[in-house]
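Undergrad: Take a look at the letters that make up each chain.
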Amino acid sequence: MLKKRTKRGPVEKRSRMKDAFGVALILSLLLILFTSSLVSAHSPVRITILHVNDTHGHILPSLEKAVDPDRPVSGAAWMARMIDRERQKNPRGTLLLSGGDMFQGTALSNVFRGAPVIDVMNALHFDAMAIGNHEFDWGRDALDRLRTTARFPFLSANVLDRGGQRLPGVKPCVLLTRKGVKTAVIGVTTPDTAFTTKPDNVQGMMFLDPKAVLPRIIRDARAEGARLIIVLSHSGLDADMKMAREVPGIHVIVGGHSHTAVKDPLVVNGTIIVQAGCYGFYLGVLNLTFDPGQGRITAFTRKKELKKIYSGKDDPFDPVIEGVVNRYHGQIRDRFAAVAGETRADLVRNSRGESNIGNLICDAMREAAGADIAFQNSGGIRANIPGGKITLEQVYALLPFDNTLVVMELTGRQVLRILEKNAAGGYGILQVSGLRVTYDLGKPDGERVVKAETAGRPLEPERRYRVATNDFLAAGGDAFSIFRDGQNIRCGDDLRDLFSAYLKKHSPVQPEVEGRLSGLE
Amino acid sequence: MKMNYGRERNKEQLEVFVNDRPVTIFRGLTVKHALLALNQALFKAAQDGDWIVRDGQGFIVGLEGALHDGARLHVEKARGKDKGKGSKGQAVRERKGKKEKNVF
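Line by line, the protein sequences are chains A and B.
Start counting at 1 in the first sequence, then tack on 776, and there's your number in this note's numbering.
Start counting at 1 in the second sequence, then tack on 145, and there's your number in this note's numbering.
Just so you know, these hints were derived from the structure itself, not from any lab.
Incorrect hints may have been included.
Quick list of the computed label-pair ranges, beta carbon to beta carbon [as the list claims (entries may be wrong)]:
1) Lys189/B <-> Pro1162/A: 23 to 33 Å
2) Phe1177/A <-> Glu221/B: 17 to 27 Å
3) Asp917/A <-> Glu157/B: 27 to 37 Å
Using 20 Å as the maximum straight-line C-alpha spacing, the simulated SDA-like pairs for lysine to any residue come out as follows [said to hold, decoys possible]:
4) Lys156/B <-> Asp968/A
5) Lys177/B <-> Asn866/A
6) Lys987/A <-> Asp214/B
Keep in mind that this is a model prediction, so the values were computed, not measured.
We treat Cβ as the ideally placed atom computed from N, Cα and C, and that holds for glycine.
If we strip away everything but chain B, and leave its shape as in the complex, we get (with noise of 0.2 Å):
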């Protein structure tokens, strides 16, 4: 069931997913602008460089990476140095990489 806060959306919005949270935005508008959609504390420690944002696959995005309907991002805590290796997003990517091996 989407859940979009009583938003009805039109074809210039997008709805991406923050921290599995639907939030709608303009189309054009980047990974800070969701996050500043779903909550500005969040949006300021991301600018901050406290929190980082991972994008579907586990990989790390910038604040200003430009968003596609429906795309997924999960913000963490930074550990200082962007590691991703044992992170969720370590763990998302592996899961999702196991099937699509072939070099062409």
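Isolated chain A, as found in the complex (with noise of 0.2 Å):
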């Protein structure tokens, strides 16, 4: 026993020494991690901002001349691969950001309702996305089913109902945390939205001063550990730069609204301000250096921080993202062939006088605006649809351009000055609804009408009429700028939307040229 003992001794004496050797190694690691992790909370970490905005459902690519007369931009797998590369570089320190208006403004996400954004936007794992005055377009009904579709949460900290209560399912912030820091995104809409989009569609809300807001949701935030605090505002640069000017500890402002280029990101007050301009032309990508001790950013991207997205035959891009967009474009030729409608009557154009598919259109926008009277410019009505069904493809051939419906006040005084104005043609002549008006084209200018009734009865000067038009000639466009002087104005509908929408109704339609505009020819 002692033999063994004697022969074990230095053994346990090893093993005592491995012992104590391996409680100094684990304590060594231990204080190295401890030391290290506290090294690690106070060193500064590279933080990345990747960010679009005002994508508008473009999601294909396409050949902008301002952009690059030589070479297409855009198109969603082409932003996917940028993505991924940027993701690559920072994988554990990126977020993915959204500015809003993401989904409106091309056929093929308007077909689908945005459907395709949405399963983009999914597929490359967005990580916030501020809800633009544009996703209100399709009503809240489309806009919630795009938001429980999102797997990444919609912001808006300024959009309340009547009862000031958020919007269901919106949030004002997510907090999300990047190498340990925790950061604050917070999303503004522009208050802009109230005026500028449908009132059915945005009825019984309230779109606040994003100042207002923003103090107490930062505040908050901070409370919840957040050090990092990025505002995704769909508000518009120079709106971004007074918020940086009013609204104290905002690191970053992700924008989008004014469909800006900031090549080069600005700083106002301390706080950086970027947006990337429109249509997916260009991806954001900005690198902070992030200090958590100090909650200050110590280096940025100053110079060329958008990155612009080529989708020529040999630029690289996403297969997977490919099938997405391409999933829905197979798709689409099923929905263009959808009917729309029905006419009796062939549907021809006249740019200089009343034309039946003028008619029809102009009765369609009186219609939807319960207007006394519509006006349509005739350069805006692009192709004759013969007697038959409606399929969807003619509807945007006939209206291929993306106007929306305006509703205003004009006195009887200004309508008769457009209908004088009519007389002069030029650009081709206004077609109309709700009016009865005979011109003699032998008088002088300005006594060209002879008479104009309306609902039956001659059109009063000192009244005032709800008139209903388009954006182009709301702006002035065809130099029919008596429109710019209307009063209590409404922007409405898409025009195809809302002409698609007065055929299922209306169906079979046999519009006919019936003495609106006499004389005119």
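Join the two chains into one complex using the hints; note that each chain is given alone, in its own frame.
TA: Listed below in structure tokens is the structure:
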């Protein structure tokens, strides 16, 4: 036993030494880990903010002369590849954000009510999106569908219902942690949404001044441990600059709404402001060095923050995202073939006089607006449609411009001035609804309207009439500047949408040239 | 002195400046409408990509970009690629950027 013990003595000694060494090693490692964790908690970290805004449904490449005349730009699959490449540079420290207005604006996105875009955004793992004004274009139900399909939060801190409650499922802020840095991403929506959106779609909603809500939200986020404060703002660049001046404590504003390509980030009152143009032409790549201990940004991308998304045949793309886009692209032919309505008459344009298709479009506008009178420029009517079924594709060919309805009040005198101007021709005449006008082109300028009636009664110069038109004329297009004097303005639906709805309701239609504009040709 | 072509502006209208010329448009309308209000040929040229539009900071803005009261737009001939350096826009930006340098 002794012998054995004697023999075991050095072994035990070695064992004890090993144990002691092990304990010391573990303690040293723990000390190193503890020390390094203390250091890392206060060491500057690199955070990358990838951002887009105002994509407006542009998920296919396009040739944009003003961006690059020789090489296509934009396209979700190409953007995806670029996002992936940027993420690989900082895999644990990257945020992917959208400044809003992502869905409305192209046929591919519009006919599927934004579904292709939300699928792309989900596949790209967006972290958050601000709600833009155009997110309300298709009504609350469509917005709710998009929000519930999204695997990322829709943010808006300043949109409330009349009771002061947030919209269901919409958060003011989300806290995201990257490399141990808790980051608050706060969304704001332009207060102009209340004036620029079809009233039904924003009924019962309040769009508050962001300045009134941000300080409290920033304070609350800080109380929850947020160190880095990002405002995802769909307000426009100038409003963002104002926000930076008036609201302290914002590190970065990621913007949208004004479609500004902020190539080199702006710094206003210590806040960095970025915005990535529009239509997916650019990906914003903002690299920050953030000192969590001091709670400040010590370095950031000062130049060339926007990366142009090239989508030429030799440019790399993501085949998975291409598959998502192609799935919808393949279906659009079916959607376009869908029957929107039926006409018993050939629908024929005439830019020099009354046309039955002009009458039909104006009737649709007048009905949608509940207006007394409607005007549509002949130049905005771009196709004839033979009698029979009318497909959605034909509606797009007929009204290819992305015009919206604008409703305003004009006096009878102003309407008469428009009708006189109509006699001058120039760009092509205005088609009408709710009016019956007789011209005598033999008379001098300003006296050519010899009779003008609405609802069977003479137009009264001092009376105010509700007039529906499109945004092109509302801005004074085709030299009809009188529309710019309208009052009680309401912006409304997409013209194609309301025309399709009218066809659906009234088909089969049989519009005629019925003497609404006599003596004009 | 404000020149507004004899128009009385109401609260639903914005006054914006295109190449320093004031135009009124309805609130909610965009850059393209401001060009249209001033000159339809200018609007057409911008739509065709022959002309580009910069904001008061010198940054390029899209034709569907939102506007606010007092916004300033400068329309210039496109150079083919949207290079800011050396342009009037860059000069505007550099002048304005000198003041505010501190980072939060």
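Undergrad: Against this structure, judge whether each hint is valid.
TA: Against the structure, the hints:
One distance hint, 23 to 33 Å for the beta-carbon pair Lys189/B and Pro1162/A, holds here, with the actual separation near 30 Å. Between Phe1177/A and Glu221/B the Cβ separation comes to about 25 Å, which falls inside the hinted range of 17 to 27 Å. Judged by the Cβ atoms, the range 27 to 37 Å given for Asp917/A and Glu157/B holds: they are separated by roughly 28 Å. Under the criterion of a C-alpha separation no larger than 20 Å, the hint pairing Lys156/B with Asp968/A is consistent with the structure, at around 13 Å.
The suggested pairing of Lys177/B with Asn866/A is violated, with an alpha-carbon distance near 39 Å, which exceeds 20 Å. In summary, the hint linking Lys987/A to Asp214/B is supported, as the alpha carbons are separated by about 18 Å, within the 20 Å threshold.
Checked against the numbered hints given earlier, this structure breaks only hint 5.
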